[in-house]
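S.K.: Using the sequences and the accompanying hints, generate a full structural model.
As given, the protein sequences belong to chains A and B, one line each in that order. Numbering that gives the first Met the number 0 puts the first sequence at residues 0 to 208. Numbering that gives the first Met the number 0 puts the second sequence at residues 0 to 223.
Be aware that a few hints might be false.
Reference listing, derived: stretches of chain B covered by chain A, where coverage requires no fewer than 3 residues with Cβ under 8 Å from a Cβ of chain A [as the list claims (entries may be wrong)]:
#1 65-77
#2 86-97
#3 136-149
Bear in mind the hints are in silico, worked out from the structure with no lab data behind them. A virtual CB, placed ideally from N, CA and C, is assigned to each residue, including glycine.
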Amino acid sequence: MSQYKLVYFQHRSRGELAVFVLAEAGVKYEDKRINWPGDWLALKSSQGISRFPFSRTPILEVDGVTIGESQAIARFLARRHGLYADDVFDQARIDMITDTMKDIYEKLLDIWFAKENKQELMDKYYNDVFPLLLQGLERVLKENNGGDGYFVGDKVTLADLSFADICYTMVDWRPGVLNDYPKLDALKKCIERRPRIVEWMKKRPEASI
Amino acid sequence: MKSCPSIASTTIERSEAMPSYKLYYFNARGRAEHSRLLFAMAGVEYQDVRYTREQWPVEKASGRFPFGQLPCLHVNGVMLAQSNAIARYLANEFGMAGKNNLEKAKVDMIVDAIDDLAQAMVKFFHEKDEQKKAEAKDEFKTKTVPILYGALERLLIANDGGDGFFVGEEPTLADFAFVTNGDYVKKFNPEVLDNYPKLKALQERVFELPRIAEWVKKRPVTEM
Numbered sequence: 000m001s002q003y004k005l006v007y008f009q010h011r012s013r014g015e016l017a018v019f020v021l022a023e024a025g026v027k028y029e030d031k032r033i034n035w036p037g038d039w040l041a042l043k044s045s046q047g048i049s050r051f052p053f054s055r056t057p058i059l060e061v062d063g064v065t066i067g068e069s070q071a072i073a074r075f076l077a078r079r080h081g082l083y084a085d086d087v088f089d090q091a092r093i094d095m096i097t098d099t100m101k102d103i104y105e106k107l108l109d110i111w112f113a114k115e116n117k118q119e120l121m122d123k124y125y126n127d128v129f130p131l132l133l134q135g136l137e138r139v140l141k142e143n144n145g146g147d148g149y150f151v152g153d154k155v156t157l158a159d160l161s162f163a164d165i166c167y168t169m170v171d172w173r174p175g176v177l178n179d180y181p182k183l184d185a186l187k188k189c190i191e192r193r194p195r196i197v198e199w200m201k202k203r204p205e206a207s208i
Numbered sequence: 000m001k002s003c004p005s006i007a008s009t010t011i012e013r014s015e016a017m018p019s020y021k022l023y024y025f026n027a028r029g030r031a032e033h034s035r036l037l038f039a040m041a042g043v044e045y046q047d048v049r050y051t052r053e054q055w056p057v058e059k060a061s062g063r064f065p066f067g068q069l070p071c072l073h074v075n076g077v078m079l080a081q082s083n084a085i086a087r088y089l090a091n092e093f094g095m096a097g098k099n100n101l102e103k104a105k106v107d108m109i110v111d112a113i114d115d116l117a118q119a120m121v122k123f124f125h126e127k128d129e130q131k132k133a134e135a136k137d138e139f140k141t142k143t144v145p146i147l148y149g150a151l152e153r154l155l156i157a158n159d160g161g162d163g164f165f166v167g168e169e170p171t172l173a174d175f176a177f178v179t180n181g182d183y184v185k186k187f188n189p190e191v192l193d194n195y196p197k198l199k200a201l202q203e204r205v206f207e208l209p210r211i212a213e214w215v216k217k218r219p220v221t222e223m
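M.R.: Next comes the structure, spelled out in structure tokens:
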């Protein structure tokens with residue numbers, strides 16, 4: 000049985016997808032949080048590249064090996080714990096969703112870091128960029144049995160978790176963003192009602208992203 | 000020096016029901032090239048569709064492309080989007096994605112880290128403010144690239160000394176992602192690989208693979 004140690008900041012951000020996977024799969028792990036930016040800078044200078052392959056977090060330490068890159072970690076855990084797919088084509092569909100959610104996340108991060116033009120940026124992304132992506136997501140969802148289930152196949156996968164994870168922030172910052180996408184909205188609520196996700200969301204650290 | 004006879008000398012065996020692939024992109028290497036290298040390496044035929052700037056708005060409006068973006072891959076009657084989802088799918092189909100969960104995670108990790116570099120490049124490429132652009136370019140050269148290339152050199156060396164490929168004993172998507180991205184990094188920093196001897200040798204090794212060399216000779220020459 001592998002021992003997992005997930006090292007990340009106290010935010011949801013890039014680490015949360017791996018956390019969702021571990022929560023949904025009911026897998027125990029050590030959840031090591033670092034205060035950003037202060038402690039992170041100190042850790043980087045003391046442990047640096049020997050511990051953090053790309054000088055970034057999150058990292059997953061497992062069986063003496065370190066895996067970096069948030070999506071690589073999440074996919075590795077999903078594969079191991081029955082939250083991916085066996086069929087390579089289904090895997091590609093899952094990846095397509097998680098990559099799209101990552102694109103959305105990068106925009107949210109842009110907004111979060113913006114100093115002078117925050118509101119302008121938020122309007123631009125929410126009005127001009129997200130609708131096209133959400134339309135695409137709703138369409139892909141509907142292609143799977145009419146859209147009343149999950150993104151791929153007939154059970155929860157990494158795609159649904161990734162969607163719920165990033166959508167939480169999207170909706171938190173601008174409620175109603177999913178109003179035109181009833182199937183997506185229903186899926187988000189469905190994932191957030193799953194017992195292990197409920198349990199995790201109740202106890203996870205408070206963060207704006 | 001390691002060779003890879005098993006892939007270089009055989010064509011992937013396919014059943015009669017081999018899918019027909021159609022890869023859609025612009026007339027550029029960009030986000031489609033690592034997929035094109037996979038096709039070349041596997042010796043698998045595909046339609047290499049390239050839209051001009053004039054064609055794209057019409058094609059985009061057709062709604063055929065799930066997120067209105069390219070590249071897309073049409074296969075099994077379905078349109079797949081997202082450059083790395085496509086590349087990983089092809090790599091899995093052609094046996095070049097890593098042989099077990101851990102190897103796949105290592106390949107993914109490298110591909111994603113390289114993608115982060117590409118995003119950083121795109122960002123300062125599009126930056127309009129001259130001051131910010133210069134700062135971003137400088138950060139790219141002095142911080143972003145050294146951090147990534149340092150990490151990649153270490154990872155390569157950790158794989159049995161670094162005279163083969165990134166993961167396992169044969170080329171994977173990680174190696175193809177590295178060389179395609181490397182073409183762009185070279186534009187900003189022509190001698191960058193001089194500081195990373197194993198990476199430099201890897202790049203040469205990949206471009207010397209017979210099927211890759213053949214593809215590079217015949218592919219359209221494009222600026223990007």
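S.K.: Each hint should be assessed against the structure and marked as holding or not.
M.R.: Against the structure, the hints:
Check on the segment 65-77 of chain B: 6 of its residues sit with their Cβ under 8 Å from a Cβ of chain A, so the three-residue criterion for coverage holds. Counting residues of the segment 86-97 of chain B whose C-beta sits closer than 8 Å to any C-beta of chain A gives 4, which meets the bar of three, so the coverage hint holds. Counting residues of the segment 136-149 of chain B whose CB lies closer than 8 Å to any CB of chain A gives 3, which reaches the minimum of 3, so the coverage claim holds.
The structure agrees with every numbered hint stated previously.
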